[in-house]
Amino acid sequence: MELRLLGEQWFTTEELAELLGVDPSSVRRWRTSRPPQGPPFVQLSERVTIYNAADVEAWLRSKRVDPGTVAA
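Counting from 1, one number per residue, gives the positions in the sequence shown under the UniProt record's numbering.
Hints were generated in silico from the structure; no laboratory data involved.
Computed from a predicted model, the values in this text were never measured in an experiment.
Backbone N, C-alpha and C fix where the C-beta goes; we use that ideal spot for every residue, glycine too.
Mixed in with the good hints there might be a few duds.
[Stated by the list, open to error] Across the chosen pairs, the derived CB separations fall in these ranges:
no. : residue 1 : residue 2 : range
1   : R64       : E8        : 19 to 29 angstroms
2   : V48       : G68       : 35 to 45 angstroms
3   : E46       : T69       : 37 to 47 angstroms
4   : V65       : G7        : 29 to 39 angstroms
5   : D23       : I50       : 12 to 22 angstroms
6   : E8        : S45       : 39 to 49 angstroms
Take these sequences, add in the hints, and give me the full structure.
Set out below in structure tokens:
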């Protein structure tokens, strides 16, 4: 199955930071750390990076901790 990218919702670094309630510098730090730690992104140019809403949602789900299943 081919991933469709056009027609989906995209966020800039600043929009994603606002959505997640973090500073844009945090999102940039995730992206530039080695290895990258944040959600998948598309680098359109040196100054423009965008994030797909579905990728961000999948990344958030992967970070979810269910206290009922965490071993003590």
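Please write out, lowest number first, the hints stated earlier that are contradicted by the structure.
6
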